[in-house]
Amino acid sequence: MTTLIEAPPTDGEGLLPIKKKTSGGGLGRYILIRFFLIFPTILILVTMVFFLMRTTGDPITAALGGRLPPEQLQERITAAGYDRPIFVQYFEYLAQLITGNFGTTLSDNRPVSEMLATYGAATLELTINALLVALAVGIPLGLIAAHRRDKGPDAALRVFAILCYATPVFFSGLLFKLTFSVWLGWLPVAGRATPANELALTSLESPTGIYWLDAIRSGNTAALADVMAHAVLPALALGLLTAGIFLRLVRTNVIGTLGKDYVEAGRSRGVSEYRLVTKHAYKPALIPIITVMGLQIAVLLGGAVLTETTFEWKGLGFQLATYLTARDFVAVQGIVVLLAVIVAVTNFFVDIVAALIDPRVRY
Amino acid sequence: MSTTAVTEPVKDPRGPWFRRLPVISHFNKSVGLQRGMLVAGLVLTAVFLLTAIFAPLIAPFGFSQISDADGGFPAQEAPGGKHLMGTTVGGYDVFSRVVWGAQTAVLVIIVAVIMSIFIGVILGLVSGYIGGWLDRTLVVIADAIYAFPPLLVAIVMAIAISGGRSSLWGGILAAAISITVVFIPQYFRVIRAETIRLKAEPFVESAKVVGASNIRIMRLHVFKNATRTLPLIFTLNASEAILTLAGLGFLGFGIEPTSAAEWGFDLNKALADTTSGIWWTGVYPGLAIVLTVLGLTLVGESINDLNDPRLRGRKKAVSGKGGPDSTPGAQAALEAEVRSS
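Chain order of the listed sequences is W and G.
In short: position in the first sequence from 1, add 269, done, that's the working numbering.
In short: position in the second sequence from 1, add 525, done, that's the working numbering.
No lab work stands behind these hints, which were simulated from the structure alone.
In this text, a Cβ means the ideal position worked out from N, Cα and C, and glycines have one as well.
Mixed in with the good hints there might be a few duds.
Stated by the list, open to error - Cβ-to-Cβ under 10 angstroms is the rule here; a few derived chain G residues that face chain W:
{"hint": "1", "residue": "564"}
{"hint": "2", "residue": "567"}
{"hint": "3", "residue": "665"}
{"hint": "4", "residue": "669"}
{"hint": "5", "residue": "680"}
{"hint": "6", "residue": "698"}
{"hint": "7", "residue": "776"}
{"hint": "8", "residue": "784"}
{"hint": "9", "residue": "789"}
{"hint": "10", "residue": "796"}
{"hint": "11", "residue": "822"}
{"hint": "12", "residue": "826"}
Unchecked claim - Simulated DEER-style distance windows between Cβ atoms:
{"hint": "13", "chain 1": "G", "residue 1": "582", "chain 2": "W", "residue 2": "344", "range": "52 to 62 angstroms"}
{"hint": "14", "chain 1": "W", "residue 1": "536", "chain 2": "G", "residue 2": "726", "range": "37 to 47 angstroms"}
{"hint": "15", "chain 1": "W", "residue 1": "337", "chain 2": "G", "residue 2": "800", "range": "34 to 44 angstroms"}
{"hint": "16", "chain 1": "W", "residue 1": "556", "chain 2": "G", "residue 2": "655", "range": "49 to 59 angstroms"}
{"hint": "17", "chain 1": "W", "residue 1": "360", "chain 2": "G", "residue 2": "583", "range": "48 to 58 angstroms"}
{"hint": "18", "chain 1": "G", "residue 1": "800", "chain 2": "W", "residue 2": "340", "range": "37 to 47 angstroms"}
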């Protein structure tokens with residue numbers, strides 16, 4: 270969640286009874302238990318999504334109802350098996366998911382898994398860019414705020430952090446577009462690249478789909494510059510959303526470590542204040558950031574849906590919005606399930622990293 | 526105090542009841558920058574609420590009005606004159622829609638937050654008090670929803686409720702229920718953790734010994750003690766409800782422009798205007814969202830700081846230390862709530 274209170278302990282591990290029993294368990298055991306917890310999480314989400322999406326009826330009527338004559342509609346429903354009992358369909362859907370088959374989209378009739386692979390790369394690129402912006406903005410500003418605690422800069426940065434949270438990405442995106450694209454004319458308005466470059470990059474041999482990577486691989490510097498120019502505004506809009514949270518987190522934790530005895534000892538030895546902040550107090554303060562970064566993945570993915578729509582960035586979020594408008598719920602379900610898997614797996618890795626860094630987590 | 530109380534009528538040491546109300550007591554405790562933040566937040570929130578209540582009086586036109594006695598409104602007219610904030614491509618008056626949008630937002634927040642508190646608190650109480658497999662199942666489900674992007678949960682709910690189509694009350698209800706599902710896990714976690722802690726307290730034990738029923742213990746002894754963190758979560762969730770509603774509206778799952786005004790929907794429509802340099806259709810609804818969320822967040826943050834004696838600024842500030850600082854307290858408080866299980 271994006272609440273400003275960062276992180277009630279999040280992964281939910283703290284709530285599970287399993288932990289109490291394994292006091293003293295080793296790292297290997299912790300990883301194993303944590304790994305098997307991924308599956309119930311995904312299963313619950315898939316089940317919820319499946320049944321909720323069906324409460325309004327079958328996907329074919331939703332997508333094509335009113336556009337086809339009733340007999341033809343019924344024919345397609347029977348052909349797709351949507352007239353069978355819902356539990357039969359549910360277990361069939363689960364079985365298909367395990368084999369990686371997400372079904373076929375209704376509006377443009379292509380395999381959902383193929384669609385996910387094509388657009389997933391774009392979303393990945395956007396999320397990475399945004400995360401870089403968030404870290405690049407949040408950490409230095411957090412250090413400044415901690416160093417100048419309760420002075421003017423701190424107060425200003427605090428308001429900045431709240432503003433970051435209070436501004437929806439589509440509004441900051443709109444403001445960026447107006448300022449940098451329309452009035453100043455510095456950056457492109459929307460899209461991931463100009464059509465010519467996009468064509469060049471997608472027609473490469475085995476493209477990764479991450480444009481800057483493809484541009485570097487093919488040595489196409491003009492395309493690289495173009496791709497970078499397109500990436501700035503979306504990354505900024507989405508990155509700032511999270512930057513505020515990182516800023517506050519760094520500030521809080523650095524203030525905490527600045528009060529520790531070893532920092533005091535360093536100060537008495539004559540270590541410069543700058544060095545104290547950037548070296549002594551900074552590193553231990555990074556641990557909580559890793560944990561929160563896992564939480565932020567969910568926020569970033571949610572934000573990516575809105576950012577992609579704002580900038581016509583053709584990724585999963587943009588497709589999701591398109592399929593929502595087309596009422597193609599098979600495709601929507603596929604995207605939502607994929608995002609659920611990504612979130613569950615990321616949280617798993619974050620917990621593992623946290624456990625490696627801080628043995629107390631494993632208890 | 527206790528010695529004088531024998532002869533004089535007992536005076537409540539806590540002061541008159543109205544000074545103990547959540548926000549007022551916080552205001553009295555606050556000082557300096559903290560008070561400034563609280564006041565700024567309260568002012569913004571008050572403006573938002575007043576706009577919502579008096580929308581019919583403030584807005585010069587209806588939210589779906591595209592003509593008046595002088596004929597149809599011009600499309601995409603710049604701000605000024607009759608249309609204070611200009612008009613949209615469809616000929617709607619931007620100012621009126623911003624004002625009416627406040628009303629929609631308030632309705633959604635009220636319905637959503639009340640529903641999620643109600644359901645979340647009951648589930649948390651029951652789950653924490655009874656424990657066992659019911660508790661475990663509910664916790665796993667709540668955690669699964671909690672980890673998922675809230676906007677996606679809201680989208681799925683919106684599809685389930687209205688199939689994505691919406692009228693005024695249908696739309697408000699759909700948006701509210703969608704947001705509710707996002708928030709229930711939060712209330713659930715906090716209340717459940719608190720209930721588990723309280724269950725072991727001596728006063729609950731003694732109530733059991735006296736023979737009070739489980740329902741009575743839950744209602745009387747646990748509930749009253751477990752709800753002290755709710756005002757804080759309430760303000761923070763209200764701001765998040767606005768953002769979620771706007772997000773839904775932006776994706777086209779909001780409320781149709783003819784049945785109510787909704788800021789997120791207006792921003793979506795404004796997106797196409799930006800390329801031609803038309804800023805007023807997007808900037809004003811966007812600012813409305815930002816200011817409202819800012820106000821609610823400032824109030825929530827201040828309450829959070831003031832609830833924690835370690836963070837509260839002292840009336841006589843001694844030095845730089847112990848000044849306003851929200852996060853560690855917030856984190857510590859919530860962490861204590863949840864981890865105490």
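Quick rundown of the hints versus the structure:
no., hint, verdict
1, 564, "violated (14 angstroms)"
2, 567, "violated (15 angstroms)"
3, 665, "holds (6 angstroms)"
4, 669, "holds (4 angstroms)"
5, 680, "holds (7 angstroms)"
6, 698, "violated (15 angstroms)"
7, 776, "holds (5 angstroms)"
8, 784, "violated (18 angstroms)"
9, 789, "holds (8 angstroms)"
10, 796, "holds (6 angstroms)"
11, 822, "holds (5 angstroms)"
12, 826, "holds (6 angstroms)"
13, G:582 - W:344: 52 to 62 angstroms, "holds (56 angstroms)"
14, W:536 - G:726: 37 to 47 angstroms, "holds (44 angstroms)"
15, W:337 - G:800: 34 to 44 angstroms, "holds (36 angstroms)"
16, W:556 - G:655: 49 to 59 angstroms, "violated (36 angstroms)"
17, W:360 - G:583: 48 to 58 angstroms, "holds (56 angstroms)"
18, G:800 - W:340: 37 to 47 angstroms, "holds (45 angstroms)"
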